[in-house]
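Engineer: Take the given structure of chain W and dock chain U to it, following the hints.
Those protein sequences? They're chains W and U, same order as listed.
The opening position of the first sequence corresponds to residue 1 in this note's numbering, with each subsequent residue numbered one higher.
The opening position of the second sequence corresponds to residue 1 in this note's numbering, with each subsequent residue numbered one higher.
Hints are computed from structural coordinates only; laboratory data are not their basis.
Just so you know, not all the hints are guaranteed correct.
Unchecked claim - A few chain W residues that face chain U, going by a derived Cβ cut-off under 8 Å, partial list only:
1) Tyr160
2) Ile172
3) Leu308
4) Ala357
5) Asn598
6) Gln610
7) Ala643
As the list claims (entries may be wrong) - Computed Cβ-Cβ distance ranges for the label pairs, DEER-style:
8) Lys120(U) <-> Gly56(W): 41 to 51 Å
9) Arg33(U) <-> Arg575(W): 51 to 61 Å
10) Thr577(W) <-> Pro119(U): 25 to 35 Å
11) Ser72(U) <-> Thr577(W): 35 to 45 Å
12) Arg575(W) <-> Thr122(U): 19 to 29 Å
13) Thr577(W) <-> Gly55(U): 34 to 44 Å
Backbone N, C-alpha and C fix where the C-beta goes; we use that ideal spot for every residue, glycine too.
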Amino acid sequence: MVYSRRDLFKTGSVLMVSFALGTRTQAQTATGSDAALGKPVDPTEVDSFLAVHADGSVTVYTGKVDLGTGLRIAIRQMAAEELELPVERVSLVEGDTALTPDQGGTGGSTGLTRGGVEVRQAAATAREALRKMTPADLASGKRFNLKVDPKAPLKDPKTYKVVGQPVLRPEIPFKATGRHPYVQDFTTAGMLHGRVIHPPAAGAKLLSVDEASIRAIPDVRVVRIENFLGVVAKDEWAAVRAARELKASWGEGPALPGSEALDAYVRQGAIDRDEAVVNRGNSATAMAGAAKKLSATYYWPNQGHASLGPSCAVADVRDGGITVWSSVQASHGLRLNLAKIFTTPPAKVRVVYMDGAGCYGGNGNDDVAADAVLLSRAVGSPVRVQWSRQDEHGWDPKGPQQLLDMRAGLDAQGNIAAWEAEMWVPMNKPGGRPLLSIDAAGLAQDHGQGAGLMTQNADPPYAAPHVRVVAHYLKDTPLRPSNLRAPGKIANVFAVEAFTDELAAAAGVDPVEYRLRGLTDPRAIAVIRRTADVFGWQPKTARSQQPGVGRGFAYARYKQAENYVAMAMEVAVDRATGQIQVRRVACAHDCGLIVNPNALRNQVEGLIVQTLSRTIHEEVKFDRARVTSVDWASYPILRFPEAPAIEVALLDHPELPLYGAGEAAAVTVPGALANAIYDATGVRLRRAPFTPERVKAALSSD
Amino acid sequence: MATYKFQLNGRAASVESWDPAQPLLYLLRNDARLHGPKFGCGLGQCGACTVLIDGKAVRSCVTPVRQVAGKSVTTIEGLGTPEKPDAMQAAFIAEQASQCGYCTSGMVMAAKSLLAQNPKPTIEQVKQGLAGNLCRCGTHTRIVRAVLRAAGEVA
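One chain only, chain W, in its complex shape:
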């Protein structure tokens, strides 16, 4: 039986009928309705965002996608509120370049701040028109034919009925029963299974291929394009075995510096340019006159996205067009990139988003889409490419390493008189990130570089009259960098908050009190006080008296402009093994307007656990040739026994603008943890990850 996409979606809609939230509540169900093809996608038109159906229900079209974050329900809540419809009467289509407006990629916590807010404005514009539509209008499929009015009045938050409610996420019943369709599950008629064979070193030349080495495996075709090597088979297991067993000989790639002493390598690296990211007052003079001076260096390693399901895409290249099914964050961006690389008119390229495993930034999704296009183009059939675990860990672009030097001068009362930070980060280069297989195949493409807004949040959020933050942009960085959740800001806030703890200790002031002294913003003060209250923070001017048990605190305002987050942690450190057990975490979080408190809480809890994993365990290891941490044994992540008790307090401000919440609560984690470990042991950990070996070494040199 051929289980086509159409069948898949039919099944989905049949299942939906008896589900509590009614029909068409699942994104993929609506995505399958190609009947909508030809609708406008211009983001200035209401019809690009909203379609009304004969029964008066509405479909929302958004270019933003739900990466497991709850955006799927939150955007529907925002639209339903403005349209004055029950949320179950609003369905959603995401990330299909033929159907949804380009609202930018789903990154940097912009899913709701841009995606949701634009949909909300379109819905506010359409409210009156929808009310006036007659049954005949609805039956005839009438469009709104309205420009989005940026001044269309929004509902008064005091009257909200849907926004602010913990509406359950409509796809969870499908996820919990194994029925939710992922891109990994997608099939289409005539689809073949492809695998790529990555070289033993980045950039290595393919010298020869011994096709006879896989003769025993049925129905396999080898595809070689310059240095790109792949296999295509009818049977997936045949493709897996062929990719493993195919004998090929490769040259050497350019040497890598290795991950062991990468901090020293980065410090000596060639600099493209320096930028004074923050320059307030005269830090040099103030530092010279300070009563007390402190300095410290912090290091954050390369980390992978480590998606639980390796990247996967299906491509169908035929009749001069390209269709790709992908869980990429920016379907419109991928579409334009593929159009350029394969010299195909953008109108003939369609990227259809389907859920994948959480990606947390630019993982291997773009690369695997290019792999699938190359293979489909070569064999003339639709091809599904599934990366292996080793492909994903070895070849996804990495959140890059960061090195920070911090210096501070305190006045006689212990207040911050001068603050200086220097950071080493990869330089930005214009254009898209190069795709592995496109380079290997010798096709022209962009060779841009960027890993997100890396330089924010290295200045203190506390009163400091003289501040200078300098970014050194490195010409070279060993592994291909990309955005990884809360890019740059986890390391920067780690440095700021761990260093602030050192300043508080030097000043002999309780860490919470020290932070409050430097803050006047009532929202900042509110999250700090609330966290201290929820946690049961006991003011202290000396280290913990409980052997091996300590408490730490951290605060940040994300990007110095968005969410307010404060966090406290209690940790137990086993001096013999170096094992860290985080016992409990408290976090107060203010993102302005809360759209869905349950989904938001899920994000905050997840950010805490995931960032504990990154802080305690995660570092991409590589030698002179290749990444060597290529599975869950060599790149461990946090497991259940380590998961702490978490208490989250959400501070709601319905009258204020909303901030995205998919990143902010990550940034306070490493600082709070390092500070708790100091409290427990007297040792300052300034280099992540805090592995048992590192902790033991730090304790023994204490």
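Structural biologist: For chain U alone, coordinates are given in the frame of chain W:
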């Protein structure tokens, strides 16, 4: 091509494979069209592919089909449906114990196996019981609560 017969979600199933070493996962996903079990690592390290074989949680990505002949395989599709979830699935839904959901099938199956052996586990026993299943989104606390809820230990 050899034929392998086993029970699949309570029904007789028969699959053909050219390779007796072919992992069960590929046959479930591609031949039986059961997409609940997920490919996560192919190494038995993450648990996304977990199914029950004769009631025990097993990693289908490293279980050769020849070892399954004559046995009884349960995938997540063999439990409940979105309209009629079984107790464990209903607990995951009630706790909203999922983000991307890619690990969820394996979590539910591992948790079923856990409660079959220990119907009233403590929090620590749940954590130890799920220690071999990875979640990247950090949904651990909700998953633990869901398992305790299914065990009737939280309302």
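Engineer: All the hints need checking, so say for each whether the structure fits it.
Structural biologist: Hint check results:
1. Tyr160: 21 Å, violated
2. Ile172: Ile172(W) check passes; min Cβ-Cβ to chain U is 5 Å, inside 8 Å.
3. Leu308: Since chain U brings a Cβ to about 4 Å from Leu308(W), closer than 8 Å, the hint holds.
4. Ala357: Holds. Min distance 4 Å.
5. Asn598: Interface hint status for Asn598(W): holds (6 Å vs cutoff 8 Å).
6. Gln610: For Gln610(W), the interface hint holds, since the closest Cβ of chain U sits about 4 Å away, which is under 8 Å.
7. Ala643: 4 Å, holds
8. Lys120(U) <-> Gly56(W): 41 to 51 Å: Between Lys120(U) and Gly56(W), where Cβ atoms are some 49 Å apart, the hint holds.
9. Arg33(U) <-> Arg575(W): 51 to 61 Å: 53 Å, holds
10. Thr577(W) <-> Pro119(U): 25 to 35 Å: 33 Å, holds
11. Ser72(U) <-> Thr577(W): 35 to 45 Å: 41 Å, holds
12. Arg575(W) <-> Thr122(U): 19 to 29 Å: Since the Cβ atoms of Arg575(W) and Thr122(U) sit about 27 Å apart, the hinted range of 19 to 29 Å holds.
13. Thr577(W) <-> Gly55(U): 34 to 44 Å: 36 Å, holds
Hint 1 from the list above is the single one not met by this structure.
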